[in-house]
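Undergrad: Could you build all of it, start to finish, from the sequences and the hints given here?
Residue numbering for the sequence shown follows my numbering, beginning at 1 and increasing consecutively.
Derived from the structure by calculation, the hints contain no laboratory data. Please note that a few of the clues may not be correct.
Just the calculated beta-carbon pair ranges, DEER-fashion [stated by the list, open to error]:
| no. | residue 1 | residue 2 | range |
| --- | --- | --- | --- |
| 1 | Gly285 | Ala449 | 44 to 52 Å |
| 2 | Val363 | Val246 | 23 to 31 Å |
| 3 | Arg264 | Val363 | 29 to 37 Å |
| 4 | Pro314 | Arg264 | 50 to 58 Å |
| 5 | Glu51 | Pro74 | 26 to 34 Å |
| 6 | Val363 | Phe266 | 48 to 56 Å |
Straight-line distance between alpha carbons at most 25 Å, and here's what the computed SDA-like set of lysine to any residue pairs gives [as the list claims (entries may be wrong)]:
| no. | residue 1 | residue 2 |
| --- | --- | --- |
| 7 | Lys72 | Gly413 |
| 8 | Lys7 | Gln26 |
| 9 | Lys304 | Thr239 |
| 10 | Lys67 | His462 |
| 11 | Lys7 | Trp132 |
| 12 | Lys72 | Pro29 |
| 13 | Lys67 | Leu315 |
| 14 | Lys72 | Asn45 |
| 15 | Lys271 | Gly388 |
| 16 | Lys67 | Ser466 |
| 17 | Lys7 | Leu406 |
| 18 | Lys72 | Thr239 |
| 19 | Lys69 | Met342 |
| 20 | Lys69 | Ala311 |
| 21 | Lys67 | Gln56 |
| 22 | Lys69 | Gly399 |
| 23 | Lys69 | Arg81 |
| 24 | Lys7 | Pro442 |
| 25 | Lys7 | Ala124 |
| 26 | Lys304 | Gln410 |
| 27 | Lys72 | Phe332 |
| 28 | Lys304 | Gly388 |
| 29 | Lys69 | Tyr404 |
Heads up, the beta-carbon is just placed ideally off N, CA and C, and yes, glycines get one too.
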Amino acid sequence: MNDRVIKLALAAIVGAYLLLAVLYAQAIPKWNAPDEPSHFNYIRNVAERREFPVLQVGDYDFDYLEKAKAAKFPDTMPVDRIRYESHQPPLYYTLAAPLYLLTMPLSLNVQVLLLRLFSTALGALTILTAYWTARRMFPNEALVFLGVPAFAAFVPMHTAMTAAINNDALGNLLLSVILLVLAGRLVSCGQPEGAPAPTATFAGSRSSVPPCLRGFVLSLASEPVVLGGLLGLGLLTKTTTYIAIVLIAYVILCQELAGGVRLRAFLMSTKRLFGIGLIALLISGWWFVRNASMYGDLDILARKRHDLVVAGQPLTGIFDWPAASHFVTVSFRSFWAQFGWMGILVDNRIYLLYAVLSAVALVGLTVFGVRALLRPRRVFQAQGLLLGLLLLCYILLLGGVVQYNLIYVQAQGRYLFPAIVPIATFFVLGWRELLPVRWRSPVFLVLFAGLMVLNIAIIFRHIVPSFG
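TA: See below:
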C-alpha cells in the first residue's frame with residue numbers, strides 16, 4: 001500500500017469519525033451525557049469567576065440528579081446545583097473557558113454543542129496519535145496501523161464520549177501522546193525487521209537551526225522536558241493519566257537494562273526518572289499544594305472530600321459472584337454502546353455481534369501470544385517491548401477500574417478509554433493473526449466499514465427515538 005493510499009485511508013477514517021461525532025453531539029440533548037452538567041459548571045466557574053471551584057457538601061444531590069436523569073434533564077430542572085466534578089484537575093476546563101466566553105451570546109444549546117465539538121477535536125487528535133503509535137510498532141503493516149485508528153474511531157461509546165463535555169478527551173489524548181513518545185524511546189532497544197532506522201531528534205535538520213539557538217532547541221526536545229512536560233500536563237488533566245508514571249519507569253528500565261542487569265542501570269534509571277518528575281512537578285505541583293491547603297489533611301487529590309460529598313452514591317458492598325457478573329456485563333455493554341446516563345441500551349443482537357467480534361480478537365491474540373512464545377524471533381525485541389508497554393497500560397487501567405468498583409457501583413466501560421490505543425492494537429492484532437494474508441484487506445475493509453455503518457444505525461434507531 002503506497003503512501004498516497006495510506007493518507008487517503010487515514011483521512012477517510014478521521015473524516016468518518018468527525019461525521020459520527022457531530023451526529024452524536026446533535027442527537028443527544030444537552031446534559032444527557034454522563035456527568036456533563038457538572039463539567040459544564042466547572043467551565044462556567046472558571047470562565048465567569050476566574051477561579052477554580054471548590055468541592056463542597058451539597059454539590060452532589062443524589063435524589064435531584066436521579067430525578068433529572070429520569071426526566072432527561074428538562075429545562076424546568078436547572079443544573080446549576082450539580083457540581084460534583086469540582087475536584088477535577090483544571091487544565092481541560094481552563095482550555096475550554098475561552099470558548100465558553102466566546103459563545104456566551106449564543107443560545108445555551110448552541111454553546112453546549114460547540115463545547116462538545118471542542119472535545120471532538122481532541123478526540124480527532126487521539127485518533128491520529130493512535131495511527132502514529134501503531135505505525136511505529138508495525139511500520140510495514142498498513143492494515144494494522146490503519147486498523148488501530150479505525151477501531152478507536154468506530155467504537156460507538158468512545159465516539160459519543162468525545163462528543164460530550166468532559167475532561168476525558170484531553171486526558172485520553174495526553175496519555176496517548178505519552179504512549180507515542182515512549183514507543184519512540186523503546187525503538188532504540190531493538191528495531192522491528194524492516195523498520196526505518198531510528199533517528200535522533202532533529203537529526204538531519206540541525207543546519208536549519210541557527211547555532212545560537214541550537215542548544216536551546218535541543219534542550220526543549222530532551223527527555224526530561226518532553227516526558228516531564230507531558231506528564232505535568234497529564235497531572236493537571238485527569239487522574240487516569242497518572243499511570244503514565246509507571247509507564248515511563250517501564251520504558252526507562254527497558255532502555256537502561258538493554259545491556260544487562262547492573263547497578264549503573266538502576267542508578268541511571270533513577271536519575272532520569274528524577275529529572276522527568278522534577279519537570280512534571282514544576283508544571284503541576286501548585287495544584288496539589290492548592291488542594292492540600294483547600295481541603296486539609298494533605299488531601300492533594302481531593303479524594304477524601306470527594307468521598308464525603310458523594311456519600312449518597314450506591315456502594316458495592318460484598319463483591320460476590322452476582323456483583324462480579326454485573327460488573328463484567330455492564331462494563332462490556334457500556335464500553336461498546338450504552339448511552340445517556342447508562343439508560344439507553346441497544347438491541348441485544350448488537351451486543352451479541354460485539355461479543356463475537358471481541359471473542360475473535362481474543363482468540364487471535366491468544367494464538368499470536370502462543371506463536372510468539374514458540375517462535376521468539378517472530379516478534380522482534382522492540383516490538384515485544386512495545387506490546388509490553390501497551391499491555392501494562394491496559395492492566396493498570398483495568399486494575400484501577402476494578403478497585404474503584406470494589407467501593408462504588410460504577411461499572412462503566414468508558415473508564416477504559418484512556419487505554420483505547422492498547423485495546424485497539426490488541427483487537428486489530430487478534431483479527432490479523434487469524435486471517436490468511438489474501439483475506440486481510442477485504443475482511444478489514446468490511447469489518448470497519450460495518451462498524452461505521454453500525455454507528456449510524458445506533459444513532460437513528462436507538463438514540464434519536466430515546467429522546468424523541
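Undergrad: Decide, hint by hint, whether the structure agrees.
TA: Hints, one by one, checked against the model:
Between Gly285 and Ala449 the beta carbon distance is about 47 Å. The supplied range of 44 to 52 Å therefore holds. Under the hint 23 to 31 Å, the C-beta atoms of Val363 and Val246, about 29 Å apart, fit the expected range. In this structure, Arg264 and Val363 break the distance hint of 29 to 37 Å, their C-beta atoms being roughly 43 Å apart. Taking the beta carbon of each, Pro314 and Arg264 are about 52 Å apart, inside 50 to 58 Å as hinted.
Checked against the given bound of 26 to 34 Å, the beta carbons of Glu51 and Pro74, roughly 30 Å apart, stay inside it. As the Cβ distance of Val363 to Phe266 is approximately 39 Å, the hint placing it in 48 to 56 Å is violated. Distance check on the hinted pair: Lys72 and Gly413 sit about 22 Å apart at the alpha-carbon level, within 25 Å; holds. Distance hint between Lys7 and Gln26 is unfulfilled; the C-alpha atoms sit about 29 Å from each other, more than 25 Å.
A C-alpha spacing of about 15 Å is found between Lys304 and Thr239, which places the hinted pair at or below 25 Å, so the restraint holds. Using a Cα cut-off of 25 Å, the hinted pair Lys67 and His462 holds, with the two alpha carbons roughly 22 Å apart. With a C-alpha separation of about 12 Å, the suggested pair Lys7 and Trp132 falls inside the 25 Å cut-off, and the hint holds. Distance restraint check for Lys72 and Pro29: the Cα-Cα separation of roughly 8 Å lies within the 25 Å cut-off, and the hinted pair is therefore satisfied.
Using a Cα cut-off of 25 Å, the hinted pair Lys67 and Leu315 holds, with the two alpha carbons roughly 19 Å apart. Straight-line distance between C-alpha atoms of Lys72 and Asn45 comes to about 24 Å, which keeps the hinted pair within the 25 Å bound. For the proposed pair Lys271 and Gly388, the alpha carbon gap of about 23 Å is at most 25 Å, so the pair holds. Taking the CA atoms of Lys67 and Ser466, the gap is about 17 Å. The hint holds against a cut of 25 Å.
This hinted pair does not check out: Lys7 and Leu406 have alpha carbons roughly 45 Å apart, beyond 25 Å. A threshold of 25 Å between alpha carbons decides the hint, and for Lys72 with Thr239 the separation of about 29 Å lies outside it, so the pair is violated. For the proposed pair Lys69 and Met342, the alpha carbon gap of about 10 Å is at most 25 Å, so the pair holds. For the hint pairing Lys69 with Ala311, the CA-to-CA distance comes to about 19 Å; that is within 25 Å, so the pair holds.
At most 25 Å may separate the alpha-carbon atoms for a hinted pair to count; Lys67 and Gln56 meet this at roughly 21 Å. Our distance criterion of 25 Å between C-alpha atoms is broken by Lys69 and Gly399, whose separation comes to about 29 Å. Restraint check for Lys69 and Arg81: the C-alpha separation of about 14 Å stays at or below 25 Å, so the hint holds. Distance hint between Lys7 and Pro442 is fulfilled; the C-alpha atoms sit about 18 Å from each other, no more than 25 Å.
Simply put, Lys7 and Ala124 have alpha-carbon atoms about 15 Å apart, close enough for the 25 Å limit, and the pair holds. The straight-line distance between the Cα atoms of Lys304 and Gln410 is roughly 18 Å, inside the 25 Å bound, and the hint therefore holds. Note on Lys72 and Phe332: the hinted pairing holds, with a Cα-Cα distance of about 24 Å set against a maximum of 25 Å. Note on Lys304 and Gly388: the hinted pairing is violated, with a Cα-Cα distance of about 34 Å set against a maximum of 25 Å.
Only pairs whose Cα atoms come within 25 Å are accepted, and Lys69 paired with Tyr404 is accepted, the gap being roughly 23 Å.
Going down the numbered hints, you'll see the structure goes against 3, 6, 8, 17, 18, 22, 28, while the others check out.
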